[in-house]
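What follows is the residue order along each chain.
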Amino acid sequence: MSGQDSYEHNLLARASLDHCVKCTICETQCPVAAVTALFPGPKYVGPQAERYRQGQSVDRSLDYCSSCGTCTLVCPQGVKIAELNSVARAAMKKDHMPLRDRLISRTTLMGAAMRPVAPLANAALACRPLRVLAEAAVGVHRDAAMPTAQRQTFTAWQAKHQPPDGAGRRGTLVYFHGCAGNYFEVETSIKSVELLEHLGYGVLVPKQGCCGLPLQSNGLFDTARAWVRRLVAQLDKAPQDLVIVSSTTSCSGMLKHEAREILGVEDAALRAVGARTRDLCEFLLAEAERGELPLDFAPLDLTVPYHAPCQLRGHGLGTPAVQLLRLIPGLTVVESGAVCCGIAGTYGLKKEKYAIAQAVGQPLFDKVKEVAGDLAVCDSETCRWQIEKACGVRAVHPVWLLHKAYGLS
Amino acid sequence: MATALVIGAGLAGLAAAIRLAQAGWQTTLASKGLGGLPLSAGTVDVLGYAPALLGDPTGRVARPFETAAALAAHDPSHPYAAIGADRAEAAVGWLRDLLPELLTGDLKTNITLPTAVGALRPTCLVQPAMAAGDLAQNRSLAIVGPSQLKDFSPELCAANLARQTWQGRPLLATAYRIDLPARPDEADSPALAYARSLDQTAYQRRFAEAVKRRLKDEEAVGLPAVLGLRDRQAWLEVQESVGRPVFEIPLPPPSVPGLRLNDALTAAAQTAGVRLVLGSSVIGFAAAGRRLKSVTLRQAGRDQAWAADAFVYAPGGFESGALSLDAAGRLEERVFQLPLRGAGGSRLGGQETAADLGRLINADYWAEQRLFAAGVAVDQAMRPLDEGEAVFDNLHIAGGLLAGAVRWSEKSGEGIAVGSAAAAADAITGRR
Ligand SMILES: Cc1cc2nc3c(=O)[nH]c(=O)nc-3n(C[C@H](O)[C@H](O)[C@H](O)COP(=O)(O)OP(=O)(O)OC[C@H]3O[C@@H](n4cnc5c(N)ncnc54)[C@H](O)[C@@H]3O)c2cc1C
Ligand code: SF4
Ligand code: SF4
Chain A
1 MSGQDSYEHN
11 LLARASLDHC
21 VKCTICETQC
31 PVAAVTALFP
41 GPKYVGPQAE
51 RYRQGQSVDR
61 SLDYCSSCGT
71 CTLVCPQGVK
81 IAELNSVARA
91 AMKKDHMPLR
101 DRLISRTTLM
111 GAAMRPVAPL
121 ANAALACRPL
131 RVLAEAAVGV
141 HRDAAMPTAQ
151 RQTFTAWQAK
161 HQPPDGAGRR
171 GTLVYFHGCA
181 GNYFEVETSI
191 KSVELLEHLG
201 YGVLVPKQGC
211 CGLPLQSNGL
221 FDTARAWVRR
231 LVAQLDKAPQ
241 DLVIVSSTTS
251 CSGMLKHEAR
261 EILGVEDAAL
271 RAVGARTRDL
281 CEFLLAEAER
291 GELPLDFAPL
301 DLTVPYHAPC
311 QLRGHGLGTP
321 AVQLLRLIPG
331 LTVVESGAVC
341 CGIAGTYGLK
351 KEKYAIAQAV
361 GQPLFDKVKE
371 VAGDLAVCDS
381 ETCRWQIEKA
391 CGVRAVHPVW
401 LLHKAYGLS
Chain B
410 MATALVIGAG
420 LAGLAAAIRL
430 AQAGWQTTLA
440 SKGLGGLPLS
450 AGTVDVLGYA
460 PALLGDPTGR
470 VARPFETAAA
480 LAAHDPSHPY
490 AAIGADRAEA
500 AVGWLRDLLP
510 ELLTGDLKTN
520 ITLPTAVGAL
530 RPTCLVQPAM
540 AAGDLAQNRS
550 LAIVGPSQLK
560 DFSPELCAAN
570 LARQTWQGRP
580 LLATAYRIDL
590 PARPDEADSP
600 ALAYARSLDQ
610 TAYQRRFAEA
620 VKRRLKDEEA
630 VGLPAVLGLR
640 DRQAWLEVQE
650 SVGRPVFEIP
660 LPPPSVPGLR
670 LNDALTAAAQ
680 TAGVRLVLGS
690 SVIGFAAAGR
700 RLKSVTLRQA
710 GRDQAWAADA
720 FVYAPGGFES
730 GALSLDAAGR
740 LEERVFQLPL
750 RGAGGSRLGG
760 QETAADLGRL
770 INADYWAEQR
780 LFAAGVAVDQ
790 AMRPLDEGEA
800 VFDNLHIAGG
810 LLAGAVRWSE
820 KSGEGIAVGS
830 AAAAADAITG
840 RR
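Line order of the protein sequences matches chains A and B.
Okay, so the first sequence: first residue is 1 according to my numbering, each after it adds one.
Okay, so the second sequence: first residue is 410 according to my numbering, each after it adds one.
The shape of chain A in the complex, shown without the other chains (with noise of 0.2 Å):
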């Protein structure tokens, strides 16, 4: 790894702890901290904490921050508070990395090697002396949520795929599914593209890995680094002047800031490829904005929860899928007002934090339950499974309405 990769030069985020007034804005925010003791707040382990690190941790309470990113985004004066956590998190954890926190990292080797056996693993899944076992061996929660594995992925999907006529007519966009888009969220990639076709759009699918968010989450900062540019590489075979559009919105989070912010991987082609991504709803509502997106919906008569994922807030565009379903005529949509559903990426699976990241979603489950026929409407697929697990509901990603009220489903 090159030096400027290294912890000492992610000096974007250290030098934002001299702007620390210590307002504690962002101890009133944390979702975490508001429901464990064990958590002394961001401003602690953040800017404070920070200033006594030389590469070494000084507090091991920093392990129970979940990088949500609430910290970062209401702190007024822009201190880099998630950003600082996270790196210094990496540096504790390198000696001693769990095994549970290597192997939960790679959604795609678990993707990979579920999809073939993707009832029996299912069942695996569901089976709770099994989980029992897991537990005691690897450390994962006996009832943390989990994804449900498919039989086909979505690149089998789009191999055989014929888009329809006229898709292209408005012009061409890069598709980025993500490994849960490819794996486990399988319907909502083709419901993506899909419903980008119907609009009018040719659509490029680059062959693609993992962004590597997982493993950054979980400290394994090298790895992560070289699957972003990896990544960054990929969808840089597709031409180079074309929006990229995502529907998983915590990976193109990552290739908008977080790589940068926190891995501190800087150049420019990464650069170039945040800027050119654009979460699917972010790209529908602009469209909508600029009076470009067709508002023939079929009325869809239905009251939704909405939540807004803390990895989307963390792009810094309000929730834009509320003010696009509620072109939806029918369509109530009640936002959730909640901070974070707990899961946090890998935070909630993992058996010492499971029972603070329920705490720390009970709010959202009981708005949910409050709203909620059968379907909830969230951006992010851990935050879905967290959701469906906890309230018993269907999470969906918001295309899901969209695609029905084109009466594409």
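Derived from the structure by calculation, the hints contain no laboratory data.
A hint or two may mislead.
Stated by the list, open to error - Result set (EDC-like, lysine to aspartate or glutamate): computed pairs, CA atoms no more than 16 Å apart in a straight line: (1) A:Lys160 to A:Glu135; (2) A:Lys404 to A:Asp301; (3) A:Lys22 to B:Asp560; (4) B:Lys621 to B:Asp588; (5) A:Lys404 to A:Glu194; (6) A:Lys22 to B:Glu728.
Claimed, not checked - Stretch-level coverage of chain A by chain B, calculated; a stretch enters the list once three of its residues show a Cβ under 8 Å from a Cβ in chain B: (7) 70-84; (8) 194-208; (9) 234-245; (10) 306-318; (11) 342-356.
Where a beta carbon is used, it is the ideal one built from N, C-alpha and C, also for glycine.
Keeping the supplied structure of chain A fixed, place chain B with the ligands upon it in accordance with the hints.
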């Protein structure tokens, strides 16, 4: 539909956005972070002190809007001159009626409340949980706090109160402590942890029982302002169990009453249909002549031009980084480089000399600090002025960026924020 972009999520920005959305404008509120409300006492200060005007050494203001009108007549560069005391009063009344569960007061008279250090603080609107602390009722007070809450010393508060008189009569105050951590086995519990525990019925009872056991024959009980964050009835539950009037005394940040106000206004903005875009800073703009076309938002990964028909700029002052003074004496407003004025309308900005700075910054900490009156001068539509001309026709300023008042000394910041927000929104929507 006409579109408005409000910049800043403080009291001024939230109030402007709600008012615009209520008038049917498609409104977006963009902010780099939360505003100052979670740091505020959760009350609404309109005008607390005007020593120069009143010629009385305490300078304490009894009738806030009446005195604001006199202040505006006396000093035309004061923000209340452009806003107008009447419009400010109507706006503060509007805010009170928007949040009836959280704000109370008759608008005519200031209420004087004890602070956490036992000083007396005049303010215009208070939260219902604080209302029984009104010293005009002049009773004997018990000041009670948990030993585990390090941000509140009942002894300090009570002893300072007991040294003072109010309207000619001595104040009676006695300190008591209870032994009750916010969470089991904590030696040092943060205020927010108390507030969250006091959202639970069982803890409300335990807390109230512990307080009640300590009391003698005092008539009212002052407690640290931690009586529930989400449960707006928590203080009533405590009061009922204690069996006499209780009142909250605001603490240093994080301020629970300030958070309540912030949460309620954010929810009101959402209900009104305001689109909230948090975590993106405004870093530049594009204009054609006197028409502001768009501002540039720094979002994850790229900078994005955001167009709107009208803009409200409510970024606060020095405290939020909207104004800066660097080591070379360069004083500036950082996004639009708007012309700056100081106290009495004096011209500021550009390179201040050492002599200028000497006049602006007083070596005596407690003396008047004229630097903090720096800001933007505006017309009645809250448009920034340069030599008496609006800089842009569709840019309106609200809140802490306005020139002419040292808001925290006067205790005028919240009235200025709400009054200017309403004036800006109404100028945009054409409402009178
Ligand atoms: C220490 C202190 C004590 C005070 N005490 C009192 C008091 O007792 N009584 C009183 O009345 N007033 C007091 N004030 C004054 C207080 O600032 C005002 O009362 C009022 O809260 C100002 O509100 P505001 O909405 O104008 O600004 P703020 O609450 O500061 O909000 C500014 C908002 O703008 C955002 N922002 C800034 N720049 C940008 C940008 N470029 N792009 C996007 N967003 C941006 C910030 O993130 C923030 O959300 C005090 C101030 C300080 C600093
Ligand atoms: S919100 Fe920002 S400035 Fe305030 S305490 Fe947290 S890091 Fe510091
Ligand atoms: S990233 Fe989330 S969990 Fe971590 S300190 Fe910030 S707000 Fe708390």
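These are the hints, each one checked on the structure:
For the suggested pair Lys160 of chain A and Glu135 of chain A, the alpha carbons sit about 39 Å apart, so the restraint of at most 16 Å is broken. Note on Lys404 of chain A and Asp301 of chain A: the hinted pairing holds, with a Cα-Cα distance of about 12 Å set against a maximum of 16 Å. Under the criterion of a C-alpha separation no larger than 16 Å, the hint pairing Lys22 of chain A with Asp560 of chain B is consistent with the structure, at around 15 Å. Note on Lys621 of chain B and Asp588 of chain B: the hinted pairing holds, with a Cα-Cα distance of about 13 Å set against a maximum of 16 Å.
Between Lys404 of chain A and Glu194 of chain A the alpha-carbon distance is near 11 Å, which keeps this suggested pair within the 16 Å criterion. Between Lys22 of chain A and Glu728 of chain B the alpha-carbon distance is near 12 Å, which keeps this suggested pair within the 16 Å criterion. Counting residues of the stretch 70-84 of chain A whose C-beta sits closer than 8 Å to any C-beta of chain B gives 7, which meets the bar of three, so the coverage hint holds. Given a C-beta distance limit of less than 8 Å, the hint that chain B covers the stretch 194-208 of chain A is violated, as 0 residues qualify and 3 are needed.
Counting residues of the stretch 234-245 of chain A whose CB lies closer than 8 Å to any CB of chain B gives 0, which falls below the minimum of 3, so the coverage claim is violated. A count of 6 residues in the stretch 306-318 of chain A with a Cβ less than 8 Å from any Cβ of chain B is obtained; the coverage claim is therefore met, three being the minimum. Check on the stretch 342-356 of chain A: 0 of its residues sit with their Cβ under 8 Å from a Cβ of chain B, so the three-residue criterion for coverage is violated.
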